[in-house]
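Undergrad: Can you make the complete structure from the sequences, with help from the hints?
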Amino acid sequence: MKVRSQRKSKRTTYLKTLIITLVLLLIALITPVVVTTISRVVLYPFYATQTWFRESTGSLPTLLREKKELLEEIEKLESQLALAASTGLTQQRLYEENLWLRELLSADTQERIVAAVTARPNQLPYDFLQIDQGSSAGIVTGAPVYVGVDTAIGVVAHVAENFAFVELFTTPGFEATVFVGGTNITATLEGYGGGVARVRVPQGIPLTVGSLVHVPSMQPGVFGRIAYIENRPTQPEQYGYITLSKPIASINYVAVGKQPLAPATETLVRDEINSILEQSLVVEGMQSQLATTTASTTEEEI
Amino acid sequence: MNRLLLFILYIVGLVCVMQGWLFFGAVAAVVFSFFAPSVWLLPAAFLIDGYFGMWYSVPFFSIVTFFWFVVIEFLRPYVSVWQNETV
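As you go down the protein sequences, you meet chains U and D in turn. For my numbering, add 332 to where a residue sits in the first sequence, where the first one is 1. For my numbering, add 5 to where a residue sits in the second sequence, where the first one is 1.
Some hints here could point you the wrong way.
To be verified - Simulated pairs of lysine to aspartate or glutamate, EDC-like, Cα-Cα distance not exceeding 20 Å: (1) Lys578/U to Glu78/D; (2) Lys590/U to Glu443/U; (3) Lys408/U to Glu78/D; (4) Lys399/U to Glu410/U; (5) Lys578/U to Asp482/U; (6) Lys400/U to Glu387/U.
FYI, nobody ran anything at the bench for these hints, they're computed from the structure.
TA: Dropping the structure here:
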């Protein structure tokens, strides 16, 4: 009897709870504003704690938040560093490979004269440099001027005994035939002034920011990278703007070629472009070929 | 299970659902149901629906908890018998 009574009591409680819950559900559905308000009041401490942790400028939440952000930043920078290291290694490999190929082709390195820059804009008209070496040191008019190993910035425009003037590629009115890497097209470079030059190409040619601009009439001759593209669909042409790799104000020393630029014929320019294209192809091919040889062949097989 | 532990589990489940970690909230609810009357989950579900403003449309948490309550309370006697026999 007692067991039956306990079971009956449990069932009654169960049914009562069910009925009360259903009634509460109905009331809540009829008056959602009341339930929502009660919920917000009851759960406010949780909400306040959460907001405090996420947005407060207090020392503890800030410390915890900053620690998390710093860890994320460190992780991001580490991956960037790893990427940069691998890119640097690739550049070094390509540079060494380039030197090796040039040796194979018996391409002599041109002798150069180092000169210090003694005057620059604003002391001079824009896009001119004055250097401290002249004809007495062997500088001749028309000689190419470099910054670094292969970055050509202009030509010698006037030579005196102890100084010379360099006309930069960015001088307004200066024109040169250049080869734009990436899209692999030949275009005319125009000086624009203010340390900026531009190439003009027809619409439809996919110019990309960062493409290298080579000067095939100079050996070696890379002018810089396309920094900005102006493309208006209503215009027949688009412009790729190139800035000097180093700001004019930061150029302290330049290297001047001993030989003046030879007049560039169409054949010479074409040959140089082909050489640039071939080099870019050879780099990819050599890598896989060398890897295969090292991995699978032995001395006996050779 | 200790009442304090049950209370902590209840609050943890509530916070988990408020944070949108539904899986952990569900696990906490299931564990809680085995050691305490599952009817206590109903007020929490009501509050959560109110917190998310779901009473204006479909009170999802309340409905699910209600059905969970019905199922678990229906099963509880059988589980208790099994536990008694094992012991």
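Undergrad: With reference to the structure, classify each hint as holding or not holding.
TA: Against the structure, the hints:
Our distance criterion of 20 Å between C-alpha atoms is broken by Lys578/U and Glu78/D, whose separation comes to about 78 Å. For the hint pairing Lys590/U with Glu443/U, the CA-to-CA distance comes to about 6 Å; that is within 20 Å, so the pair holds. With a C-alpha separation of about 51 Å, the suggested pair Lys408/U and Glu78/D falls outside the 20 Å cut-off, and the hint is violated. Taking the CA atoms of Lys399/U and Glu410/U, the gap is about 16 Å. The hint holds against a cut of 20 Å.
A threshold of 20 Å between alpha carbons decides the hint, and for Lys578/U with Asp482/U the separation of about 13 Å falls inside it, so the pair holds. For the given pair, Lys400/U sits about 14 Å from Glu387/U by alpha-carbon distance, which is consistent with the 20 Å threshold.
Of the numbered hints listed earlier, those contradicted by the structure are 1 and 3.
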